[in-house]
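Engineer: As you go down the protein sequences, you meet chains C and X in turn. Here the first sequence is numbered in the numbering used here, starting from 1 and rising by one per residue. Here the second sequence is numbered in the numbering used here, starting from 1001 and rising by one per residue.
Derived from the structure by calculation, the hints contain no laboratory data. Any given hint could be a false lead.
Unchecked claim - DSSO-like, lysine-lysine: derived pairs with alpha carbons at most 27 Å apart:
(1) X/Lys-1151 - C/Lys-209
(2) C/Lys-280 - X/Lys-1327
(3) X/Lys-1132 - C/Lys-209
Claimed, not checked - From the structure, some residues in chain C lie toward chain X, with a derived Cβ separation under 7 Å:
(4) Ile-181
(5) Glu-184
(6) Glu-187
(7) Asp-192
(8) Pro-206
(9) Pro-210
(10) Ala-267
This structure is a prediction, so every number in the text was calculated from the model and none was measured. Built from N, CA and C at the ideal position, the CB exists for glycine as well.
Take a look at the letters that make up each chain.
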Amino acid sequence: MSRQRSEEMPHWPLHLFLLLMVGITLYPLLWVITIAFSGGQSLAIANLPADAGLADRLRAVVPWPEHVSTSNFRSLFADQPFARWLLNSAVVSAATTVLGVFLASTAAYAFSRFRFPGRRAGLMSFLVSQMFPGVLMMIPLYIIIVQWLGLGSSYIGLVLVYTVTAIPFCVWMMKGYFDTIPRELEESALIDGASQAMIFFRIVLPLAKPAVAVTALFSFMTAWNEYIQAATFMNKEEMYTAPVGLRFFVGGFSQQWGYFAAGSIIAAIPIMVLFMFLQKYLVSGLTAGAVKG
Amino acid sequence: MAEVILDKIRKAYGENVVIESLDLAIKDEEFMVLVGPSGCGKSTALRMIAGLEEISGGTVSIGGRVVNDVAPKDRDIAMVFQSYALYPHMTVRENLEFGLKIRKTPREEMNRRVDEAAQILGITEFLDRKPKQLSGGQRQRVAVGRAIVRKPAVFLFDEPLSNLDAKLRVQMRAEISRLQKALKTTTVYVTHDQVEAMTMGHRIAIMRLGKLQQVGTPLEVYEQPANLFVAGFIGTPPMNFIPGTLADGGATVVASGFRLAVPESWRAATARHDGKKVVLGIRPENIREEARGGATVQVTAKVEFVEPLGHEVIVHGRVGDDLMVAKTDPHRSPQMGMDFPLVIEADAIHLFDAATEQRLTVS
């Protein structure tokens, strides 16, 4: 059947379509890279003269820099406080990941293994909380974090906000994985003499590595890329996270697109590295429980 | 070592009663098999001994100590699970050591015990492998090894052989029996396979729907089944059950296709049930193509189905209105549809009250 069809219909239209899609996806990225390495701050690739011809206009939309320079990258660290902002992002993201994974895994274990009043209600409320847009929480969160707790422009404040936002998803993710770990393993450990804590840390958690990797990556990425809440809670310039800092470059009074592009590229690197590092866990983590064995 | 005593234990999940009241005394060094169809409560009973299941009523004692409120780890037991329950992220050696490490066994002692257990079970060369690199039989050995390194007072086995293929099962059956004989550790073994029960157990406890049906040595339950259930559960192919009526003051059983003179040994019991409906039980091996001596009854079976097994042939035939299964010589195997003469060995019959399903007794 399939052979017949492939004889009737050539592959090239499909491939052409896919190439077009790849182009549409890559074009903005190439533009960003071009601006980052252009050495200038302009959003345009080429400055067109008033009487530009067709060739000039074409050159203006092809993402290729007129001359390559790394000055944007250098001055990002030399002249701008970008290193500090990266550090802020790293601290907040790392703390969110550690705290989020710890709280989510322990909570998920309880939801998976124990039967207690409010179990169903708790799980459902986690699910329901995911159905509202996050912006809805901005004002209450601001009042709690900044006005009541006085944690504005602090690491702890932002980490708290990120952790509570990430936990519902992480709990569901990890509960699903814990459910697939046979209970007999724990019973066996119980008879072997292990305490509940020992069973969790030495048997269950090592077996749940794929789920831990997924939740860790999710927590880290959410915290690393998040803009709106960071912009709300981090008012002092030296406490900006990387996304807030990037926005600072192209705010109302400045149009430093070169810094913006260079900073974006640098900020993307840690996530890419993390992805590659955790790739093998991610695949098994997301399909966990799909097939037996 | 220790004896295990279940005294009127009861298990209920809310309204749902799984075990009404179970009494069972397992002697020191004994190999006790709990057997029964699925859902009979045998695993639940075992898990109550292990402490994995709360006891709703009654007491469990191990070595003279009531353990109802003792944590599993303090009951001095080791358990082998049906799924083996090996820790997948640990090597075989780490699996064997896990329980010892937790109990803070000194390093040399731990090495000695692990090596000894590995030697006994023939898994020395796999000690550095992970469970997933082992075959089913090897995993099973590791699971048994994990139980024996701890040198517990009681071994608990929960259907440990059901995940193995038939050949390996026969082999492991013998190995576990031999091991138990050597270690002399009190053992409670749960299975749904009556062959395992018969071949391994010193005594067998047969359960059904949460109730104990009979406890006895394999030969006792085979030769003197207490009721219809036990009679039908133990032995393959299962015992023939033929409805009949006692007549002549209990001296004759009248079935649809034949009359059988009740042997002397049964007369005292049958005399009290004269005229009553009974179930006549005859094992297939006691229905033959020729007599071996002793009282017999000649019948003619209309052959419906023949199963040749090589060393014998299982013949399914109809005698009167009743279906009868016989074991016959393979060289004289009948054809389907033909009339085949058979003899029933009257001395080997069992008689059960049709109403109560209990074995007929004098009392």
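Engineer: Compare the structure with each hint and give your call.
Structural biologist: So, going through the hints one by one against the coordinates:
Distance check on the hinted pair: X/Lys-1151 and C/Lys-209 sit about 33 Å apart at the alpha-carbon level, beyond 27 Å; violated. Taking the CA atoms of C/Lys-280 and X/Lys-1327, the gap is near 59 Å; set against the 27 Å cutoff, the hint is violated. With a C-alpha separation of about 17 Å, the suggested pair X/Lys-1132 and C/Lys-209 falls inside the 27 Å cut-off, and the hint holds. For C/Ile-181, the interface hint is violated, the least distance from its beta-carbon to any beta-carbon of chain X being 9 Å, above 7 Å.
Annotation: interface hint on C/Glu-184 holds; nearest CB of chain X at approximately 4 Å, less than 7 Å. Taken as an interface hint, C/Glu-187 checks out: its beta carbon lies about 5 Å from the nearest beta carbon of chain X, inside 7 Å. For C/Asp-192, the interface hint holds, the least distance from its beta-carbon to any beta-carbon of chain X being 4 Å, beneath 7 Å. For C/Pro-206, the shortest C-beta to C-beta distance to chain X is roughly 5 Å, which falls under 7 Å, so the interface hint holds.
Checking C/Pro-210 against chain X by beta carbon gives a least distance of about 12 Å; that is not within 7 Å, so the hint is violated. At a threshold of 7 Å, the smallest CB-CB gap from C/Ala-267 to chain X is about 35 Å, leaving the interface hint violated.
Hint check: violations occur at hints 1, 2, 4, 9 and 10; the rest are consistent with the structure.
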